[in-house]
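What follows is each chain in one-letter form.
There are 2 protein chains.
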Amino acid sequence: MTKPCIICCAITGSLPTKANNPAVPITVEEQIESTHEAFEAGATIVHAHVRNDDQTPSSDPEKFARLQEGLLKHCPGMIIQFSTGGRSGAGTTRGAMLPLKPDMASLSVGSNNFPTRVYENPPDLVDWLASEMMTYGIKPEIEAFDLSHIIKAKDMMDKGQLKAPPYVQFVMGVKNAMPADRDVFDYYIHTVKRLFGDDAPWCAAGIGAQQIVINEWAVSSGGHART
Amino acid sequence: MTKPCIICCAITGSLPTKANNPAVPITVEEQIESTHEAFEAGATIVHAHVRNDDQTPSSDPEKFARLQEGLLKHCPGMIIQFSTGGRSGAGTTRGAMLPLKPDMASLSVGSNNFPTRVYENPPDLVDWLASEMMTYGIKPEIEAFDLSHIIKAKDMMDKGQLKAPPYVQFVMGVKNAMPADRDVFDYYIHTVKRLFGDDAPWCAAGIGAQQIVINEWAVSSGGHART
Ligand SMILES: [Zn+2]
Ligand SMILES: [Zn+2]
Ligand SMILES: [Zn+2]
Ligand SMILES: [Zn+2]
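In order, the protein sequence lines correspond to chains L and A.
Numbering (numbering that gives the first Met the number 0) for the first sequence: 0 to 226.
Numbering (numbering that gives the first Met the number 0) for the second sequence: 0 to 226.
Quick caveat, the hints were computed from the structure, so don't treat them as lab data.
Mixed in with the good hints, there may be bad ones.
Claimed, not checked - To be clear about the criterion: a stretch of chain A counts as covered by chain L if any three or more of its residues have a C-beta under 8 Å from a C-beta of chain L, and this derived list gives those stretches: (1) 63 to 71; (2) 138 to 151; (3) 202 to 215.
To be verified - Once the Cα atoms are required to be at most 27 Å apart in a straight line, the calculated DSSO-like pairs of lysine-lysine come out as: (4) L/Lys174 <-> L/Lys100; (5) L/Lys174 <-> A/Lys138; (6) L/Lys174 <-> A/Lys62; (7) L/Lys2 <-> L/Lys162; (8) L/Lys62 <-> L/Lys17; (9) A/Lys100 <-> L/Lys162; (10) A/Lys174 <-> A/Lys2; (11) L/Lys138 <-> L/Lys2; (12) L/Lys192 <-> A/Lys72; (13) A/Lys62 <-> A/Lys2; (14) L/Lys72 <-> L/Lys62; (15) L/Lys174 <-> A/Lys192; (16) L/Lys17 <-> L/Lys174; (17) A/Lys192 <-> A/Lys2; (18) A/Lys138 <-> A/Lys62; (19) A/Lys2 <-> A/Lys17; (20) L/Lys174 <-> A/Lys158; (21) A/Lys174 <-> L/Lys192; (22) A/Lys2 <-> A/Lys158; (23) A/Lys138 <-> A/Lys17; (24) L/Lys72 <-> L/Lys138; (25) L/Lys158 <-> A/Lys174; (26) A/Lys174 <-> L/Lys138; (27) A/Lys158 <-> A/Lys138; (28) L/Lys100 <-> L/Lys62; (29) A/Lys174 <-> L/Lys174; (30) L/Lys158 <-> L/Lys192; (31) L/Lys100 <-> L/Lys138; (32) A/Lys72 <-> A/Lys100; (33) L/Lys100 <-> L/Lys162.
In this text, a Cβ means the ideal position worked out from N, Cα and C, and glycines have one as well.
All chains should be modelled from the sequences, with the hints used to inform the complete structure.
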């Protein structure tokens with residue numbers, strides 16, 4: 000008897016444009032059709048960013064609302080996860096779509112470096128995003144860019160800021176943050192089990208060229224995968 | 000045969016004032032006498048911040064120069080380490096004292112959260128500080144506030160930005176960064192040995208109430224200690 004693997008499909012991300020890959024869905028209509036294809040192919044969760052007309056990242060709640068409406072119609076039963084990541088806005092604008100009550104939302108609980116800048120998640124913003132998610136009944140996906148982020152999730156759970164067990168995603172392959180390191184990957188799993196119990200769920204995402212590597216490690220180790 | 004333990008004394012730190020503890024040395028003259036006492040008591044390294052007259056953190060190179068001059072006279076042979084930490088200034092002012100060529104300087108190689116804010120060490124500043132230390136023949140002490148910082152040190156060593164092996168300090172007990180977690184502490188040691196060899200040096204600092212705990216763990220595990 001094996002445990003099913005949940006596949007989360009990140010259809011758009013925050014940065015790539017049609018210049019990088021003509022298949023990247025940018026408009027809400029393109030995103031709905033792209034998600035529909037992923038849903039038919041077996042994806043259970045869609046991780047969604049929205050874009051402005053010039054393809055730059057957006058956190059416009061109206062766009063998220065139209066996306067949600069289309070996904071509920073075309074992909075019934077699919078789990079909808081909105082990104083609250085920091086590339087699409089600053090401060091509380093990052094959580095402006097949470098009143099739409101998506102099933103899930105991404106939640107960064109610490110700060111770290113990105114390839115050319117600091118990925119800033121100040122403590123008061125983290126607290127606010129978590130409380131908004133609690134208010135609207137949204138399950139957070141904890142984005143662990145480093146080890147302390149997993150441990151911070153435990154602290155937040157103990158303080159009642161997150162429901163137990165948290166759903167932790169290991170993010171690897173980001174330059175100047177955590178690379179795709181197998182020894183660390185295994186220690187991340189050990190840490191999730193130590194803090195949240197042997198049956199606690201976890202998933203993993205590899206960035207860029209590391210995606211397929213991390214998918215393999217995750218699936219073969221009993222985790223869930225982001226594609 | 001046991002390995003000697005190097006004791007590094009952080010005489011002043013960046014935040015505590017005489018209101019917190021009347022014994023905190025603030026003026027350069029107080030710092031020199033405080034370091035002298037630590038030197039007589041067996042400390043090998045002094046980790047130094049300087050302060051403005053109102054006790055707030057400073058990165059004034061003139062103050063560092065007077066401190067260095069006094070320490071060379073009163074504590075001959077002691078290793079002088081200047082802080083380039085982010086509480087005393089922003090951007091390149093953090094490294095303005097490096098042309099004084101202290102023996103060592105602290106170097107943060109990633110970003111993380113502090114109790115109420117983001118501790119920002121953007122990639123270009125990290126690169127610049129490391130290159131200044133290389134230029135002036137200064138040994139960096141890598142401040143590892145999280146696991147990825149140790150791995151970043153390996154990357155910088157491989158790229159020639161740091162001399163091998165780096166001298167890594169585990170910093171634990173900072174709220175919203177890494178707590179004093181024994182399992183993580185042991186994994187940090189494992190990671191240093193894996194990346195830099197079994198004989199690579201490392202040290203550890205506990206913040207506030209965790210200081211004595213971390214000192215015990217470090218000394219009993221073959222590391223060096225910051226007091
Ligand atoms: Zn995303
Ligand atoms: Zn459709
Ligand atoms: Zn310091
Ligand atoms: Zn003296």
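Results of checking the hints against the structure:
Figure legend: the region 63 to 71 of chain A, annotated as covered by chain L; annotation inconsistent (0 residues with Cβ-Cβ distances under 8 Å, at least 3 required). Coverage of the region 138 to 151 of chain A by chain L holds in this model, with 6 residues showing a Cβ closer than 8 Å to a Cβ of that chain against a need of three. Check on the region 202 to 215 of chain A: 0 of its residues sit with their Cβ under 8 Å from a Cβ of chain L, so the three-residue criterion for coverage is violated. A distance of roughly 32 Å separates the Cα atoms of L/Lys174 and L/Lys100; the hinted pair therefore is violated under the 27 Å criterion.
Straight-line distance between C-alpha atoms of L/Lys174 and A/Lys138 comes to about 24 Å, which keeps the hinted pair within the 27 Å bound. A C-alpha spacing of about 37 Å is found between L/Lys174 and A/Lys62, which places the hinted pair above 27 Å, so the restraint is violated. Using a Cα cut-off of 27 Å, the hinted pair L/Lys2 and L/Lys162 holds, with the two alpha carbons roughly 22 Å apart. With a CA separation close to 19 Å, the supplied pair L/Lys62 and L/Lys17 stays within the 27 Å bound.
Of the pairs offered as hints, the one joining A/Lys100 and L/Lys162 is violated, with about 51 Å between alpha carbons and a cut-off of 27 Å exceeded. With a C-alpha separation of about 32 Å, the suggested pair A/Lys174 and A/Lys2 falls outside the 27 Å cut-off, and the hint is violated. Taken as a hint, the L/Lys138 and L/Lys2 pair is honoured in the structure, with Cα atoms around 21 Å apart against an allowance of 27 Å. Note on L/Lys192 and A/Lys72: the hinted pairing is violated, with a Cα-Cα distance of about 54 Å set against a maximum of 27 Å.
Using a Cα cut-off of 27 Å, the hinted pair A/Lys62 and A/Lys2 is violated, with the two alpha carbons roughly 35 Å apart. This hinted pair checks out: L/Lys72 and L/Lys62 have alpha carbons roughly 16 Å apart, not beyond 27 Å. Restraint check for L/Lys174 and A/Lys192: the C-alpha separation of about 22 Å stays at or below 27 Å, so the hint holds. Proposed proximity of L/Lys17 and L/Lys174 is supported: the alpha carbons are some 23 Å apart, at most 27 Å.
A distance of roughly 16 Å separates the Cα atoms of A/Lys192 and A/Lys2; the hinted pair therefore holds under the 27 Å criterion. With a CA separation close to 21 Å, the supplied pair A/Lys138 and A/Lys62 stays within the 27 Å bound. Proposed proximity of A/Lys2 and A/Lys17 is contradicted: the alpha carbons are some 37 Å apart, above 27 Å. Between L/Lys174 and A/Lys158, the direct Cα distance comes to roughly 14 Å. Compliance with the 27 Å bound is thereby established for this hinted pair.
With a C-alpha separation of about 22 Å, the suggested pairing of A/Lys174 with L/Lys192 holds against the 27 Å cut-off. Our distance criterion of 27 Å between C-alpha atoms is broken by A/Lys2 and A/Lys158, whose separation comes to about 30 Å. As the CA atoms of A/Lys138 and A/Lys17 are separated by approximately 31 Å, the hinted pair breaks the 27 Å bound. Restraint check for L/Lys72 and L/Lys138: the C-alpha separation of about 21 Å stays at or below 27 Å, so the hint holds.
Of the pairs offered as hints, the one joining L/Lys158 and A/Lys174 holds, with about 14 Å between alpha carbons and a cut-off of 27 Å not exceeded. Under the criterion of a C-alpha separation no larger than 27 Å, the hint pairing A/Lys174 with L/Lys138 is consistent with the structure, at around 24 Å. For the hint pairing A/Lys158 with A/Lys138, the CA-to-CA distance comes to about 16 Å; that is within 27 Å, so the pair holds. A C-alpha spacing of about 14 Å is found between L/Lys100 and L/Lys62, which places the hinted pair at or below 27 Å, so the restraint holds.
Proximity of A/Lys174 to L/Lys174 is assessed by CA-CA distance (about 25 Å); at most 27 Å being required, the pair is judged to hold. Between L/Lys158 and L/Lys192 the alpha-carbon distance is near 19 Å, which keeps this suggested pair within the 27 Å criterion. Distance check on the hinted pair: L/Lys100 and L/Lys138 sit about 10 Å apart at the alpha-carbon level, within 27 Å; holds. Pair hint A/Lys72 plus A/Lys100 holds up; C-alpha atoms about 16 Å apart against a cutoff of 27 Å.
Distance hint between L/Lys100 and L/Lys162 is fulfilled; the C-alpha atoms sit about 16 Å from each other, no more than 27 Å.
Of the hints listed earlier, those the structure fails to meet are numbers 1, 3, 4, 6, 9, 10, 12, 13, 19, 22 and 23, in rising order.
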